[in-house]
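Whenever a hint applies, use it, and build me the whole structure from the sequences.
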Amino acid sequence: MNMHLPQNEVARAEAKEIANTDSQYLVPTSGKPLRGLIQDHLVMGVWLTNRDTMFTRDEYQQLLYSCLLPERNTLFKGRSSRIITLPPSVMKPKRLWTGKQVITTILENIKPKFFHGLTLYSKSKTPGDSWYPGCEEGQVIFHDGYFVSGILDKNQLGPTEFGLIHSLYEIYGPTVAGSMLSIMGRLLTKFLHMRAHTCGMDDLLLTPEGDAKRRGVLKGSKKVGKDLSAEYVGLEKENVNSTELAARLEAVLRDENKSRTLDLKANAQTKNFTSRVIGQCLPSGLQKHFPKNNFQAMTVSGAKGSDVNASQISCLLGQQVLEGRRVPVMVSGKTLPCFKPFETDVRAGGYVTDRFLTGVRPQEYFFHCMAGREGLIDTAVKTSRSGYLQRCLIKGMEGIQVHYDNTVRDSDGSLVQFLYGEDALDVSKQKHLKQFKFLAQNINSVVRKLTDDLVNEDLGPRIQKLSEHLNLGVGSEHMKKSMKKYKKTGDLGASDVTMSQYSPSRYLGSVSENFALAREKYLTEDPDGIIVGSKRSKYLVGSQMSRGLDKSEFRHLMALKYLRSVVDPGEAVGIIAGQSIGEPSTQMTLNTFHLAGHATKNVTLGIPRLREIVMTASATIATPTMTLTLRPETSDREAEIFAKQCSKLLLSEVIDKVSITENLTKTSKEYLLRLELFPAADYEEEYSITKRQVLNILKKVFLNQLERAINKVLNPKKAKSKERIGKDDAMPNIGESAGPTEEAPRIARAAAADTEDGDAISDDEGDDDDATNVKQRSRKSEAVSYDNPDDDEEEISRRAQASDGEEEDGEQTDEGLGTDAGMQEDGNTAEKTKAGKKTTISRGWNSDNIKKFEFDKEGGQWCEVKLQYPVEAPKVLMLPIVEKVCRETVIHELGGIGSVAKRKLAVEGVNFAAFWNEQDTIDPNTLETNDIAALLRVYGVEAARANIIKEMNAVFGGHGISVDIRHLNLIADIMTRGGGFTPFNRQGLKTSVSPFLKMSFETTSNFLTEAIGEGDFDDLTSPSSRIVLGKLSGVGSGSFDVLVGGLRG
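Note that UniProt numbering gives residue 464 to position 464 of the sequence shown, counting from 1, and the numbers run on in steps of one.
It is possible that part of the hints are untrue.
[Stated by the list, open to error] DSS-like mimics (lysine-lysine), calculated; alpha carbons at most 27 Å apart, straight line:
{"no.": "1", "residue 1": "Lys521", "residue 2": "Lys488"}
{"no.": "2", "residue 1": "Lys222", "residue 2": "Lys258"}
{"no.": "3", "residue 1": "Lys292", "residue 2": "Lys123"}
{"no.": "4", "residue 1": "Lys521", "residue 2": "Lys123"}
{"no.": "5", "residue 1": "Lys691", "residue 2": "Lys857"}
{"no.": "6", "residue 1": "Lys857", "residue 2": "Lys875"}
{"no.": "7", "residue 1": "Lys265", "residue 2": "Lys213"}
{"no.": "8", "residue 1": "Lys851", "residue 2": "Lys866"}
{"no.": "9", "residue 1": "Lys484", "residue 2": "Lys521"}
{"no.": "10", "residue 1": "Lys258", "residue 2": "Lys226"}
{"no.": "11", "residue 1": "Lys190", "residue 2": "Lys265"}
{"no.": "12", "residue 1": "Lys123", "residue 2": "Lys437"}
{"no.": "13", "residue 1": "Lys657", "residue 2": "Lys852"}
{"no.": "14", "residue 1": "Lys437", "residue 2": "Lys111"}
{"no.": "15", "residue 1": "Lys213", "residue 2": "Lys190"}
[Unchecked claim] Quick list of the computed label-pair ranges, beta carbon to beta carbon:
{"no.": "16", "residue 1": "Asp227", "residue 2": "Leu322", "range": "20 to 28 Å"}
{"no.": "17", "residue 1": "Pro880", "residue 2": "Pro328", "range": "20 to 28 Å"}
{"no.": "18", "residue 1": "Thr665", "residue 2": "Val252", "range": "38 to 46 Å"}
{"no.": "19", "residue 1": "Glu525", "residue 2": "Asp227", "range": "49 to 57 Å"}
{"no.": "20", "residue 1": "Glu525", "residue 2": "Thr451", "range": "25 to 33 Å"}
{"no.": "21", "residue 1": "Ile38", "residue 2": "Asp1041", "range": "38 to 46 Å"}
{"no.": "22", "residue 1": "Gly1015", "residue 2": "Thr451", "range": "34 to 42 Å"}
{"no.": "23", "residue 1": "Val252", "residue 2": "Ile38", "range": "21 to 29 Å"}
{"no.": "24", "residue 1": "Glu918", "residue 2": "Lys340", "range": "44 to 52 Å"}
{"no.": "25", "residue 1": "Ser242", "residue 2": "Asn953", "range": "48 to 56 Å"}
{"no.": "26", "residue 1": "Val658", "residue 2": "Asn715", "range": "18 to 26 Å"}
Please keep in mind that the hints were generated in silico from the structure rather than gathered at the bench. The beta carbon of each residue, even a glycine, is placed where N, CA and C say it ideally should be.
Laid out in structure tokens, this is it:
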């Protein structure tokens, strides 16, 4: 197809009906408008339509002439091109027309023949109170084509749903809406010539009083930082010892988790402080006010910028955020060399109190550049990720289209959905479907547009004919009966679904239950007073003086609207769904941030999460979480105990201090290790554990792990080979617990890896080398050039292989709550021996190097271990090893569950079986998780499908992006149609029947070899295979043939 010269009838029809911009007004992602006026046009819209703007006869006619005349070819076909004008609103002393009358005149002139004027009740973006208190200009009212009140700004003229242009599109059609945009653009450009718009320094300056207030509030910024730091490290705000504060802050900043929590709290505090500063300055402290202040006119009307831009110029820049945190601290405890170590002032953490108007200091400039750089890198990395994601989606769904029986099928004819999106509606046609008030108020124009009759004034015969052809009454009657049954029983399954019995494209009144319920609700409540009894007058009904409708009239209007919103056969819904996910993903940030206010709950968000769901269909996701709902009768105390029992508890959390004494004799090195625990009463209450449990853990688990860690440092090579044998050949280590201790979740393993010393790291390099060689070999054998999988994909696949066997065992054993690792082992050994204390201890550590173990049985406050090694053993830094082992030793955990929040119960990790046993405390019917594969294994494919939709919705919702649920429905249906959870990648594409489709995606030679080996064939039904052979694709306008009539006879 050439754009300038379409070469056949199909191409011509596509250019005329599809490629024309008026038809592309709504975006298929969400059904919202795509086109609209921007920037100066919107500012002029505010000035044109406010109450102070009046025009003389010359100006009024000049404006109309310049905007309406160029449209005469499209709008004035078949009638006189004379412009209809209105009488002036002011007669004396001089005839004057208002700006609103100019808009009314335009609407009168562009209204198609036989259509009625537009009635619209809406809101403008500019609040009424910004003109003066109690001003009603915030309410936009058009009544029968007459512009009564309100301001035309971004909400009416911009790309906003249910605004003026969108409403015209709905009742007059795409041509009129497109013309209206062109007309408004010309009109506002002409008005801009009459009344200029600029932005000067006086729009940004504060009054002396405003500046004084700003300075006064900003003086308190130092106190904010000091109070916050003191409170966090447990000191009193009033009399803070700076040396003690610095020492405690150092401890906090050396600990990743604590410093993250401090950052989150600091961000929350500085946010409140920033809001206080802005509240003092904007807009009350400005020298000029809206609408005379041009900068405010831009931000208030939505033309350009926001309050953030205004505040950064006139007030302060605020906190600079890097990956959801403050500016990182160097080893020296400073963020930049010019600050003191462990400075509490928020300025050192990247809080900028300067503003652009008067300039920023070098340190602030540097921090601001750091934040800006992060945004640039993020954008650069993100584009390739989201692009590849979109390619995978479109490749997997390219052949999916709607057929004439309303089913959604793949190119090989396999069924995906019985009705597209479960209600057969087209995303871009259904936006106004539930705007009952708007449709009822514009009933005459709506019916004329729905019946498609633009030439006959009387619509009666046309409606009669449609009623016969569309089986009026059959679908409606069935729906009525179904609704009655549902009302009686309260069970949606009590009757057949109308849409499954009667095709929504052939039976008027065959609508979805959701829509039918909404329609009936509107009829019974009648919030706008439009619905009247059949015998009452229908003229000027209700407070808004609309035409009234009776119930059956309204029902039939809505049924007709539903029928005209049904998706067209041939629509390439798969490709549209792929684009609808791919395009908005470019707007999402790549990095994963922590949830505000909850330091421990880290969840994958944005593109990585989307890739995890759609591209890898990962069986083991990076951050599995569950959400539990407590029963209403559960008290706060019970909830707290329950949360403690669920949470993973590490030995390090009950230890206050570790001290080590080294003693060197002629024959040996002795280390006396003393662990000081917190008071027993404290940890028993805080963590719901006993002294006996702590003793068991120290004897059974801690000593074994300590011994192993020390041996690893003393003899790294031997430890490495032993470890490898243990892993590869599944040889259990003697005296080592096989229970939850080994299942310490990934976070702990990662922390361990971070703290490991240099020896271990250098040993690991050999492994990486092997992996690289393997990767190179495999790539050579494939002999292809495509994006090799990135780190997170490789990590996911590695994790999946590693945890397959491990997870199955774990899920069967970890049924009870708060099982403790030591106790489990106790059960095994107690039966075998009752020989007393000595035997138990020797079973506990099984080592020659441990000479003594003592525990304070009465107070439960200390524990001493004596270790002995030969004098020739290399020197060991014992303290870091002991601290690391304490951080890795688990006192109790629920299999696979990490930390638990208090009342809401957001749980890290997934374990359904354990929570089924706790039905007294939590409601088992409301268990939620972000782990789709786990849900599939336990609850089945329908639950997994619903969870895919919920999780994808959450990803987009978290970024404020609206993607229509029908696209997500389709993707979830495709991923689960085989009963499993199939990703959109090479593995997922293997099930495709078209070899050409697979070859044109990735690893061409592999798929080609496979197809030849199996004697496969391609029947050229998929779009890819047709493109390979230069044929017209079989979806969209290529899904049917065009019969061009030749000469008869």
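Which of the numbered hints are not met once you compare them with the structure shown?
Those not satisfied are hints 6, 11, 15, 22, 23.
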